[in-house]
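**Student:** These protein sequences, in sequence, are chains A and B.
Going left to right, the first sequence walks through residues 136 to 350 as my numbering numbers them.
Going left to right, the second sequence walks through residues 35 to 295 as my numbering numbers them.
What the hints contain is simulated information worked out from the structure, not anything from laboratory work.
There may be inaccurate statements among the hints.
[Stated by the list, open to error] In silico lysine to aspartate or glutamate, EDC-like type, Cα no more than 16 Å apart, as pairs: (1) B:99 / B:39; (2) B:238 / B:254; (3) A:349 / B:184; (4) A:268 / B:146; (5) A:249 / B:87; (6) A:276 / A:245; (7) B:264 / B:49; (8) B:62 / B:39; (9) B:41 / B:61.
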Amino acid sequence: MDAVLNAITSLNEGFLFNLQLFGITLLLAIPLGLVIALGSMSKFLPLKWLTKTFVWIIRGTPLMLQLFVVLYGPGILFDIPMSNRFLAAEVAFVINYACYFSEIYRGGIESIPKGQYEAGAVLGMTRTQVFFKVVLLQVVKRITPAMGNEVITLTKDTSLARVIGVTEIIMSAERFTKQGLIWPLFSTGLYFLVMNGILTVLLSRIEKKMDYFKA
Amino acid sequence: MAVLEVKGIKKNFDELQVLKGIDFSLEKGEALALIGASGSGKTTLLRCLNFLETPTRGQIYVNEKLIYDASNPSMLSEREIRRNRLHFGLVFQSFNLFPQYTALQNLTLAKELLARETPEYKKNRKDVLDQIKTEGEALLASVGLSDKLDFYPHQLSGGQQQRVAIARALMLQPDILCFDEPTSALDPELTGEVLRVIRGLAEKRTTMVIVTHEMKFARDVSDQVLFMDKGVVVERGTPADVFEHPQEERTKQFLERYFEE
Ligand SMILES: Nc1ncnc2c1ncn2[C@@H]1O[C@H](COP(=O)(O)OP(=O)(O)OP(=O)(O)O)[C@@H](O)[C@H]1O
Ligand SMILES: [Mg+2]
Chain A
136 MDAVLNAITS LNEGFLFNLQ LFGITLLLAI PLGLVIALGS MSKFLPLKWL
186 TKTFVWIIRG TPLMLQLFVV LYGPGILFDI PMSNRFLAAE VAFVINYACY
236 FSEIYRGGIE SIPKGQYEAG AVLGMTRTQV FFKVVLLQVV KRITPAMGNE
286 VITLTKDTSL ARVIGVTEII MSAERFTKQG LIWPLFSTGL YFLVMNGILT
336 VLLSRIEKKM DYFKA
Chain B
35 MAVLEVKGIK KNFDELQVLK GIDFSLEKGE ALALIGASGS GKTTLLRCLN
85 FLETPTRGQI YVNEKLIYDA SNPSMLSERE IRRNRLHFGL VFQSFNLFPQ
135 YTALQNLTLA KELLARETPE YKKNRKDVLD QIKTEGEALL ASVGLSDKLD
185 FYPHQLSGGQ QQRVAIARAL MLQPDILCFD EPTSALDPEL TGEVLRVIRG
235 LAEKRTTMVI VTHEMKFARD VSDQVLFMDK GVVVERGTPA DVFEHPQEER
285 TKQFLERYFE E
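Turn these sequences into a full structure, and let the hints guide you.
**Tutor:** And the structure:
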């Protein structure tokens with residue numbers, strides 16, 4: 136009985152890391168993604184190409200590799216070793232997800248017909264007013280399904296942090312395998328299933344909330 | 035007194051010269067019909083009046099005040115443009131209603147945002163908003179949509195959407211209301227209701243510039259007709275002059291082709 140309790144406590148502690156990584160990544164990558172999206176749509180070409188190249192690199196390489204780069208990079212390049220593994224994971228995740236989000240935002244913003252901006256402008260609205268009062272909600276509606284997919288992917292991706300030694304849930308469970316206990320490893324799946332079940336319900340509520348109009 | 039005077043408007047898109055010096059003026063209460071073949075520059079001219087394009091050359095006067103001069107870049111600040119474009123209203127071919135707002139909110143949104151900049155708003159916020167709402171309701175009623183105030187655009191037919199769009203443009207009481215082929219995106223059986231609304235505006239002496247391919251409508255409703263071809267005004271006059279006794283060969287050809295169809 137103690138062994139069971141012990142394993143469950145260990146899994147819970149591990150999953151807390153997954154949850155933290157998930158939460159902080161969403162919190163930071165959602166706004167950072169907008170900044171990157173604006174950069175990649177900038178009329179100032181050097182900024183635009185710099186941003187686009189950066190996004191291309193991040194989206195074109197494995198997140199697992201990026202985790203290593205963030206962990207070892209600062210030590211090799213600037214002689215300031217990254218001592219906090221969780222922080223390294225956090226940085227890699229935020230950058231990676233912000234780049235994915237930025238592409239979704241860009242697609243959403245560019246998909247809004249020019250006529251919406253023009254109609255607002257002709258009615259004397261400022262650019263800011265047009266963006267916030269006219270365009271934004273339409274963009275949000277259009278990107279919610281794609282963002283939902285990314286969010287679900289993120290829950291599972293958090294496990295990747297183990298490659299740089301963050302003891303997230305799967306790493307915690309693996310210790311028990313070495314002691315001949317296999318069920319903890321398999322039951323980690325339940326954690327993710329429950330979490331994604333909740334997220335799916337939440338996301339479909341958000342989509343429903345915007346069902347009253349078509350865009 | 036001329037409400038609108040346009041002098042020597044030219045517009046280039048890179049190498050392509052789309053408007054080659056357009057002049058015309060419009061008296062208060064007059065309706066001007068702008069006709070011409072596809073690609074002759076009619077939309078571009080309306081967009082220049084509404085500052086969706088910046089004319090390469092020329093001047094625009096409203097109520098005899100110079101509001102745009104291509105040789106004076108200080109007239110191009112966003113503030114100036116925003117203020118000056120309120121002299122004009124524009125009804126688009128494709129309506130461009132805001133989908134997340136009801137018909138009534140489509141009318142009131144811009145007016146509320148403008149009201150926020152006034153001192154009354156800070157004092158009597160509620161009265162100001164009520165007033166705007168009442169105006170919006172009255173305008174929707176005037177285009178026959180008093181039963182659709184709380185409908186969203188996707189719940190309305192094309193003809194109804196365009197009537198909302200006309201009411202929305204009227205809401206800011208522009209000096210000159212512009213229409214860019216207001217019925218071209220509509221099924222034939224829905225054009226009548228929109229044309230009736232515009233006809234009603236003409237009867238109330240609303241100053242208008244109407245780009246249209248509906249020649250019969252243009253003839254009935256306008257006081258002045260401009261025929262454009264390849265970026266120039268080829269012929270102008272009363273509807274009787276232009277439609278019954280065109281002087282220019284190009285006008286004759288255009289009208290012949292049109293009435294053959
Ligand atoms: N933003 C733009 N960039 C480049 N060329 C443009 C642009 N807008 C319009 N043009 C060109 O300007 C010319 C005139 O176009 P415009 O839309 O004003 O014609 P129109 O008279 O409204 O035609 P239609 O009856 O088909 O609506 C066309 O040759 C068009 O291709
Ligand atoms: Mg046109």
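**Student:** So, for every hint listed, does it hold in this structure?
**Tutor:** Consistency of the hints with the structure:
The straight-line distance between the Cα atoms of residue 99 of chain B and residue 39 of chain B is roughly 9 Å, inside the 16 Å bound, and the hint therefore holds. Pair hint residue 238 of chain B plus residue 254 of chain B holds up; C-alpha atoms about 15 Å apart against a cutoff of 16 Å. Between residue 349 of chain A and residue 184 of chain B the CA atoms are separated by roughly 15 Å; this keeps the pair inside 16 Å, and the hint holds. About 12 Å separates the Cα atoms of residue 268 of chain A and residue 146 of chain B, which keeps this hinted pair within 16 Å; it holds.
Annotation: proposed proximity of residue 249 of chain A to residue 87 of chain B holds, straight-line Cα distance about 13 Å (limit 16 Å). Simply put, residue 276 of chain A and residue 245 of chain A have alpha-carbon atoms about 14 Å apart, close enough for the 16 Å limit, and the pair holds. Restraint check: the Cα-Cα separation between residue 264 of chain B and residue 49 of chain B comes to about 15 Å, which is no more than 16 Å; the hinted pair holds. Between residue 62 of chain B and residue 39 of chain B the alpha-carbon distance is near 11 Å, which keeps this suggested pair within the 16 Å criterion.
About 15 Å separates the Cα atoms of residue 41 of chain B and residue 61 of chain B, which keeps this hinted pair within 16 Å; it holds.
Violation of the numbered hints given earlier is absent; every hint is satisfied by the structure.
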